[in-house]
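Taking the hints into account, I'd like the entire structure generated from these sequences.
Going down the list, the sequences are from chains Y and E.
According to this note's numbering, the residues represented by the first sequence are 69 to 449, in order.
According to this note's numbering, the residues represented by the second sequence are 69 to 449, in order.
A few of these clues could be false.
Same chains, same names: a pair is fine if it fits in one copy or spans any two.
[As the list claims (entries may be wrong)] Straight line, CA to CA, 20 Å or less: simulated EDC-like cross-link-like pairs of lysine to aspartate or glutamate:
{"no.": "1", "residue 1": "Lys222", "residue 2": "Asp401"}
{"no.": "2", "residue 1": "Lys222", "residue 2": "Asp186"}
{"no.": "3", "residue 1": "Lys189", "residue 2": "Asp428"}
{"no.": "4", "residue 1": "Lys189", "residue 2": "Asp401"}
{"no.": "5", "residue 1": "Lys137", "residue 2": "Asp428"}
{"no.": "6", "residue 1": "Lys137", "residue 2": "Asp170"}
{"no.": "7", "residue 1": "Lys137", "residue 2": "Asp78"}
{"no.": "8", "residue 1": "Lys137", "residue 2": "Asp429"}
{"no.": "9", "residue 1": "Lys222", "residue 2": "Asp339"}
{"no.": "10", "residue 1": "Lys73", "residue 2": "Asp162"}
{"no.": "11", "residue 1": "Lys189", "residue 2": "Glu140"}
{"no.": "12", "residue 1": "Lys271", "residue 2": "Asp437"}
Everything labelled a hint here was simulated from the structure, so no lab data went into it.
2 protein chains.
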Amino acid sequence: MIPMKLSQLDTPCLVLDHGILSRNAQIMGRHIRSLGVTLRPHMKTAKSIDVANIALQGNPRCITVSTLKEAEYFASHGITDIIYAVSMVASKVDRAAPLLRDGVDLKFILNNIDSAQDIAKRASELKIEMTILIELDVGDCRGGMMADSAELLKLGRFLSETPGLKLGGLLCHAGNSYHYRTTQEMQKVAAVEHDAALFATQKLRTAGLDCPIVSIGSTPTAKHAGTLTGITEIRCGVYMFGDAFQAQIHSCTLRDMAVSVLATVICHRRDLNCMLIDAGSLALSQDRSTAADGLSEDVGFGLVMDEQAQSRYNGMRVARAYQEHGIVTCDGDFPFDEYPIGSRVRVFPNHACIMTAQYDDYQVVDGGDEIIHTWHRVNGW
Amino acid sequence: MIPMKLSQLDTPCLVLDHGILSRNAQIMGRHIRSLGVTLRPHMKTAKSIDVANIALQGNPRCITVSTLKEAEYFASHGITDIIYAVSMVASKVDRAAPLLRDGVDLKFILNNIDSAQDIAKRASELKIEMTILIELDVGDCRGGMMADSAELLKLGRFLSETPGLKLGGLLCHAGNSYHYRTTQEMQKVAAVEHDAALFATQKLRTAGLDCPIVSIGSTPTAKHAGTLTGITEIRCGVYMFGDAFQAQIHSCTLRDMAVSVLATVICHRRDLNCMLIDAGSLALSQDRSTAADGLSEDVGFGLVMDEQAQSRYNGMRVARAYQEHGIVTCDGDFPFDEYPIGSRVRVFPNHACIMTAQYDDYQVVDGGDEIIHTWHRVNGW
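Listed below in structure tokens is the structure:
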């Protein structure tokens with residue numbers, strides 16, 4: 069079979085550069101190993117066993133997931149040490165039970181006793197034991213409890229003492245790192261995350277409770293972590309792919325972006341100094357993360373490069389997006405002759421996790437024009 | 069088999085109310101018939117043959133699609149009169165050819181001669197004839213050419229005279245209607261759309277060119293259309309489902325919204341006066357259409373009602389969204405006791421077309437708790 073070329077693919081489609089992915093994975097793996105902790109990559113970004121295998125090279129085979137469907141998928145591909153890092157509820161215990169019975173070491177997170185009671189009841193009925201990590205809020209204001217909450221010890225004891233449950237440790241996610249920009253600010257967020265995790269660990273251990281796992285992480289705080297005494301593992305995910313927002317917050321550079329959408333120029337609007345491509349709100353997602361700070365460049369609905377992803381003309385970007393239309397503009401006069409109708413462009417995302425979720429497959433290239441693999445993604449719930 | 073209930077579904081999932089959908093479809097169908105034109109519903113919103121069958125009841129079996137994949141899907145389900153309403157390019161002719169050879173009356177749109185030349189070449193090579201409608205820009209500033217463009221006649225003649233091509237008529241979409249709010253403004257946009265279409269039709273016909281189809285439409289201008297002399301058909305799609313944005317621009321009311329996401333409460337944050345659900349940026353999309361005008365209510369990432377979609381507490385909405393977490397807030401104190409962890413809510417979209425695209429299936433209810441159908445959607449490209 070003659071290998072497929074980029075130019076033969078139907079558009080829009082999702083292109084993944086193998087070389088850039090491998091380099092990103094190696095750099096983060098080395099960095100986390102140098103910190104003396106375990107890398108537990110978050111597979112919510114890539115949702116692919118092929119990408120996981122690259123991220124796990126040289127690292128223990130443990131991962132983080134954001135849906136039970138991901139847990140089922142990765143377990144079916146032989147990864148058995150998994151944290152499902154979204155608050156567990158009793159109504160999902162039945163779905164998780166077969167994995168536990170099959171010997172998958174699937175761990176859950178929680179931050180309140182009411183839910184723990186409901187889960188314990190169902191786990192006992194199903195005769196399974198569920199390992200639960202207490203979720204801490206270290207400034208993200210999303211899930212979790214504060215490290216100094218009076219409920220922490222109460223929940224720790226409940227998880228330790230209740231049949232059907234087991235206290236697995238602590239988990240936190242400094243998602244608030246995304247609000248900052250400078251290395252100094254990032255280091256401060258990373259330090260707060262570290263301190264809160266240690267404080268809570270100490271509290272549990274002083275009370276005689278077991279706390280084997282102390283799990284922290286986000287791509288920015290992983291990148292800016294200092295010494296990590298007392299931490300056992302770091303979770304991060306988007307570092308594998310990078311994106312324009314991660315470049316904006318200095319977690320990567322624009323040259324580290326591994327995924328993009330291949331799109332076709334479908335219309336020139338010389339009267340409006342713009343062109344249209346066949347990738348809009350669905351193909352690119354509506355993520356506008358780079359619009360947030362007003363300081364660095366806002367890439368609209370995506371940063372546009374040429375078909376080979378080698379060069380970018382004058383701030384070229386998707387300025388507006390409709391369901392299946394993207395309006396591409398640039399600074400100054402639009403170079404229509406270099407982008408004839410029917411030619412192709414590559415659109416790089418604001419947020420790789422969200423853009424990639426619109427596709428069932430990656431078309432994998434390695435710098436060039438040739439499709440070397442087609443890799444599947446596990447979307448949905 | 070005992071029928072499934074809402075309460076037994078894994079969350080997040082997409083719920084479609086059959087009764088509301090049918091009512092929306094009947095009202096629009098009646099309205100368009102009373103205007104004496106053909107309804108050619110845009111299936112980009114629903115992407116489902118089951119929904120199409122309801123929309124087409126009492127109307128000719130013709131539709132509009134936004135992807136060639138939709139065209140293939142609907143043709144395989146017996147709908148053979150289809151307009152693919154995104155600018156056609158030569159590289160997509162090979163994919164369309166089998167449909168034309170199978171006798172599907174698939175029509176395309178275009179707005180420039182360069183592209184028409186490339187398409188004609190490939191159509192001739194493949195020995196097919198492609199019917200092309202000229203796309204007009206009636207104020208949307210997206211695709212199309214202006215009705216008074218000097219290119220109009222040139223393109224019309226080229227499509228009429230070139231082997232492999234056939235001039236099918238004109239098509240325009242007043243997407244700019246979405247920027248307006250009052251009935252008076254909408255009527256004005258609808259009138260501009262109508263006038264531009266008539267002006268261009270006249271120009272073609274005066275030059276001796278055939279213009280069998282004059283296709284206009286968007287849900288708002290369909291709703292607010294006056295007399296439609298000279299127009300042959302109206303395309304609209306989101307009217308079937310409605311959404312919070314369509315309610316904001318008075319195309320529907322909040323009681324006409326037919327689709328919602330069923331989500332589970334996974335965490336209470338009494339310290340932050342909010343709760344978390346298991347539906348975030350992926351489950352709800354990141355569409356923020358209701359934030360646009362600053363006048364009417366901004367429903368955040370979705371309007372939240374109780375599990376039965378019967379009542380809404382005090383402006384309850386998804387205020388923030390992460391990949392798999394939605395942060396639900398309301399005005400005033402949060403009613404935690406009425407929404408215990410594990411309970412369910414229904415989240416109604418800003419933009420139905422985008423939110424529904426995150427799901428492969430509809431769970432269909434009819435007002436109550438029982439799942440009466442599971443209907444498939446054709447996503448992707």
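Quick rundown of the hints versus the structure:
Within a single copy, Lys222 and Asp401 get their C-alpha atoms no closer than 64 Å, and across copies no closer than 26 Å, so neither meets the 20 Å cut-off. Within a single copy, Lys222 and Asp186 get their C-alpha atoms as close as 16 Å, which meets the 20 Å cut-off; across copies the closest is 71 Å, which misses it. In this homomeric assembly, Lys189 and Asp428 never come within 20 Å of each other (Cα to Cα): the closest approach is 37 Å inside a single copy and 33 Å across copies. In this assembly of identical chains, the alpha carbons of Lys189 and Asp401 never lie at most 20 Å apart, being 66 Å within a copy and 30 Å across copies at closest.
For the identical chains of this complex, Lys137 and Asp428 are neighbours both inside a copy (14 Å) and across copies (14 Å), given an alpha-carbon limit of 20 Å. Taking CA atoms no more than 20 Å apart as the test, Lys137 paired with Asp170 passes inside one copy only; the shortest distance there is 15 Å, against 39 Å between copies. Only between protomers do Lys137 and Asp78 lie at most 20 Å apart by alpha-carbon distance; the minimum there is 11 Å, versus 28 Å within a single protomer. Taking the shortest Cα distances, Lys137 and Asp429 sit within 20 Å of each other both inside one copy (16 Å) and across copies (16 Å).
With identical chains, the CA atoms of Lys222 and Asp339 are at most 20 Å apart between copies only, with a shortest distance of 17 Å across copies and 67 Å within one. When the C-alpha separation of Lys73 and Asp162 is checked against a cutoff of 20 Å, the pair qualifies only between copies, where the shortest distance is 16 Å, while the shortest distance within a copy is 45 Å. For the identical chains of this complex, Lys189 and Glu140 are neighbours neither inside a copy (23 Å) nor across copies (49 Å), given an alpha-carbon limit of 20 Å. For the identical chains of this complex, Lys271 and Asp437 are neighbours neither inside a copy (55 Å) nor across copies (46 Å), given an alpha-carbon limit of 20 Å.
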